[in-house]
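> Note that the numbering used here has the sequence shown beginning at 1, numbered continuously upward.
Derived from the structure by calculation, the hints contain no laboratory data.
Warning: the hint list may mix true and false statements.
[Said to hold, decoys possible] Think about it this way: if two alpha-carbon atoms lie no more than 27 Å apart in a straight line, the pair counts; the simulated DSS-like pairs of lysine-lysine are:
no.	residue 1	residue 2
1	Lys161	Lys189
2	Lys150	Lys161
3	Lys183	Lys150
4	Lys183	Lys200
5	Lys189	Lys150
6	Lys200	Lys161
7	Lys200	Lys189
8	Lys200	Lys150
9	Lys161	Lys183
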Amino acid sequence: MLDRSIPFYNTILRCDNYQYRDVLLPDGFSIVPYKEGYEKAWAGLEFSVGDFDSLEEAENYFICSYMQDRELLLRNARFLLNSEQMVIGSCIAWQDRRRDVFVPSLHWLIVDDAYQGRGLGRALCCEIMNIFEEQGQFPVYIHTQPWSWKAIFLYLSLGFKLQMTDTFSHYTNEYHQAMNTLKGIVDEKQFCLLTQLSEK
């Protein structure tokens, strides 16, 4: 479970280059495109980790944010299923504005707490980054926050770098506040890596 007592600061990552990677899943799991009804499962996942105050709010967010461009949703959203075909995770390859143009951005990586620690988040990320690679869409941006520090290290391992000043969409880059927060969470070696993989 995410520790939401950790302060929230807008943390921006960007990947300029990525090489296609095989998506490795444990037996019994699969990654599939969107189909009708998955918005409810997505809402349940996001509500369960505290990203929304109600299931209705979460589902309405998905409908308003993603179902207005059904073609892009069908092409770029992915859902992780367990052996019983239940949705237990998801990630979306989307587009956000950066000044006057649209830029690729990775949205809402989530894996049900009960299934974490099995490489499923990495598999979802690779699946989404492969979509961007196949479509020739780079750089790719991510917006996150210090309480998702474990995911930040995952993103860095896939070629993302923390941005000191760059940003996209409506986000104000709060790099220095985020790094000060992360310094109190991660160990010295991990913090050195965060610093090394930061760029202006």
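> Among the hints numbered above, which are violated by the structure, and what are their numbers in rising order?
Structure breaks no hint.
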